[in-house]
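With the sequences and hints as input, model every part of the structure.
So you can see what is in the structure, the chains are spelled out below.
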Amino acid sequence: MDWFFNFPDMSRSDLREFKKTVDFAFTDFSRTYGQGIEEFFEPLLMFLVWFEKLFINTPWPIIIFSILLLAWIGSRSILIVVGTFLSFMLIGYFGMWEDTMSTLAIILVATFLCIAIGIPLGIAMARSNKVQAAIVPILDVMQTIPSFVYLIPVVMLLGIGKVPGLIAVCIYAIPPIVRLTNLGIRLVDKDVLEAADSFGANYWQKLLGVQMPLALPTIFAGVNQTIMMALAMVVIASMIGVKGLGLPVLRAISNQYLALGLMNGLAIVILAIIFDRVTQKFGLRMQKYRNNGKD
Amino acid sequence: MNSEDILIKVNHLYKIFGDGDKSALDLVKNGMGKDELLEKSNCVLGLNNINLDINRGKIQVVMGLSGSGKSTLIRHLNRLIEPTSGEILFNGTNILNLTQKELIQFRQNNMSMVFQKFALFPHKTVLQNVGYGLAIQNISKEEWSEKAQKWIKRVGLDGYETYYPGQLSGGMQQRVGLARALSTDAEILLMDEAFSALDPLIRSEMQNILLDLQSELHKTIIFITHDLDEALKIGDRIAILRDGSMVQDSDPQEIIMNPTDEYVSDFIKDINRARVIQAKSIMTPTNTKSSGATVKEDMVLEDILQIMSDAPSKPVTIENSKGNVTGKIEMVNLIEGMKRPKSLGTNITG
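Respectively, the protein sequence lines represent chains A and B.
Just so you know, the first sequence maps onto residues 136 to 430 in this note's numbering.
Just so you know, the second sequence maps onto residues 41 to 390 in this note's numbering.
Everything labelled a hint here was simulated from the structure, so no lab data went into it.
For each residue, glycine too, the CB sits at the ideal point set by N, CA and C.
All clues given are correct.
Straight-line C-alpha distance at most 27 Å; calculated BS3-like pairs for lysine-lysine:
id	chain 1	residue 1	chain 2	residue 2
1	A	LYS423	B	LYS164
2	B	LYS141	B	LYS181
3	A	LYS341	B	LYS157
4	B	LYS62	A	LYS265
5	A	LYS341	B	LYS187
6	B	LYS164	A	LYS416
7	B	LYS62	B	LYS49
8	A	LYS325	B	LYS164
9	B	LYS157	A	LYS325
10	B	LYS141	A	LYS265
11	B	LYS141	A	LYS325
12	A	LYS423	B	LYS181
13	B	LYS336	B	LYS354
If we take Cβ atoms under 8 Å as the criterion, some of the chain B residues that face chain A in the derived model are:
id	residue
14	GLN145
15	ARG147
16	GLN148
17	PHE155
18	ALA159
19	PHE161
20	GLY206
Partial chain B-side listing against chain A, Cβ under 7 Å, derived:
id	residue
21	ILE144
22	LYS157
23	HIS163
24	GLY173
25	TYR204
Structure (structure tokens):
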């Protein structure tokens with residue numbers, strides 16, 4: 136009855152052998168291809184570095200002015216613009232300007248990457264049920280696997296640095312935009328598509344002229360979520376060498392610096408709130424035609 | 041009817057929804073009905089051996105209760121639905137043989153459609169909606185907006201060009217739908233219960249707009265409806281579908297005077313016969329003038345009754361549109377004509 140009380144697991148030596156095999160195989164893989172993969176990401180690194188430098192080296196009044204302008208264009212709300220102004224002044228006053236700029240740079244690049252990869256992926260999913268069935272489980276894994284677990288292979292392949300950090304952020308942040316692009320396109324009224332068909336629209340005319348515009352509010356909710364998740368991932372990504380607001384937080388955790396942790400943590404929160412409000416307002420304005428209907 | 045007038049010819053069209061539709065097709069061809077098919081092979085019979093000739097420049101109405109296959113049939117004409125078997129000839133070419141590219145061309149140039157739930161593009165303005173069929177043909181913006189403008193004016197929506205569909209009432213939205221379909225100058229107009237979602241007054245107004253346009257444009261219109269009054273008002277010919285099969289396809293007068301079966305009689309039992317039956321359907325053919333007044337042969341019984349009530353004993357003379365005498369009607373004919381037929385196939389013309 137031993138098997139009843141103790142799980143009949145594989146022997147210790149077999150298990151050790153199994154783990155070793157996997158580890159060695161991946162080590163071999165990263166030795167053989169690591170260099171190539173690193174070179175592949177070289178342009179991305181250069182872009183990221185250039186972008187970060189641009190943010191840090193530009194005089195702060197110009198940066199604030201640009202941010203306020205974007206906030207106004209996005210939200211058309213004085214309240215949000217004033218809030219943004221005060222928030223950035225506070226961040227700068229407490230000496231977190233440079234870290235905030237680094238974080239802003241990586242968030243923007245990560246969001247851009249997620250949009251560039253996620254929207255075409257979502258479109259492919261909406262087009263074919265088979266593609267959807269193949270991608271959904273992958274997205275599930277990406278959203279639920281503890282982020283520390285996929286940091287390991289990323290670091291093994293690319294070492295410590297900005298690019299692996301960026302990749303980790305993207306893996307974590309991309310699922311919402313893929314899902315919501317797919318959902319948005321699938322939710323477009325069948326009658327309207329039938330009408331486009333009946334007038335002889337081809338696939339691209341339907342996609343670009345009817346499906347994407349009508350799915351845009353949903354897709355934009357995905358962009359919003361992606362930005363939020365990227366911000367959340369910044370702290371964890373700082374463990375593998377991403378500069379920015381995450382790094383002081385990490386230091387604060389290991390040294391129990393309460394004030395440092397709180398300040399930088401709140402700066403992240405402020406960034407998140409600004410991004411969220413501006414993009415949400417923008418998303419609402421995009422579907423203006425829905426709101427003033429009579430019936 | 042001469043064969044040159046036939047623009048669309050539907051031959052032995054079958055549609056079966058569901059898996060294994062090919063084997064189900066054989067069952068249907070051997071006479072299996074809709075319910076039995078659903079039970080035996082889990083397939084839904086959409087259309088069962090439809091044969092229909094649609095005349096150029098006429099309004100062909102297709103009627104039936106919901107689920108009778110009328111919307112399925114109209115979607116076969118522009119291949120929004122692919123048939124299981126059969127052929128659809130347009131000017132002699134089978135549109136089922138068109139390649140994807142040719143089909144898109146065909147839809148752009150030859151057929152346009154008006155939908156029951158309007159199916160306007162909510163993110164486009166009235167002008168962009170109406171011009172859509174032209175804009176996707178890579179026609180320049182000036183050209184399509186000018187044409188769209190013309191049709192917007194024609195349906196009476198002048199000044200609403202920059203509105204979004206959500207800002208318009210149902211009747212106005214369907215005018216946009218109608219203008220959108222007309223703007224491509226397609227020869228054939230498919231109208232899928234186009235006015236069913238509108239309230240009675242607006243519906244009647246839209247019917248008048250359509251008839252008015254038709255008297256000028258002479259399009260070939262396939263009009264789906266479940267409303268007999270509407271069918272009688274606008275149809276040059278009426279086809280009646282039941283469970284995917286064609287029950288009757290004839291002149292509107294013929295449907296009222298000689299319904300082929302109980303299903304059709306059920307359809308027509310509640311209509312006001314005096315208001316739809318025309319003189320020619322009940323007259324006694326003769327070439328000699330009678331003693332009473334003279335009326336045209338397409339006058340409805342209600343109006344003849346008005347005239348005859350002055351002199352009930354004198355039969356009225358019926359003449360055709362050229363003014364030749366074709367028959368006469370006596371009071372007893374009128375009463376017979378307005379009475380509902382007692383049993384199937386009763387010839388009440390007496």
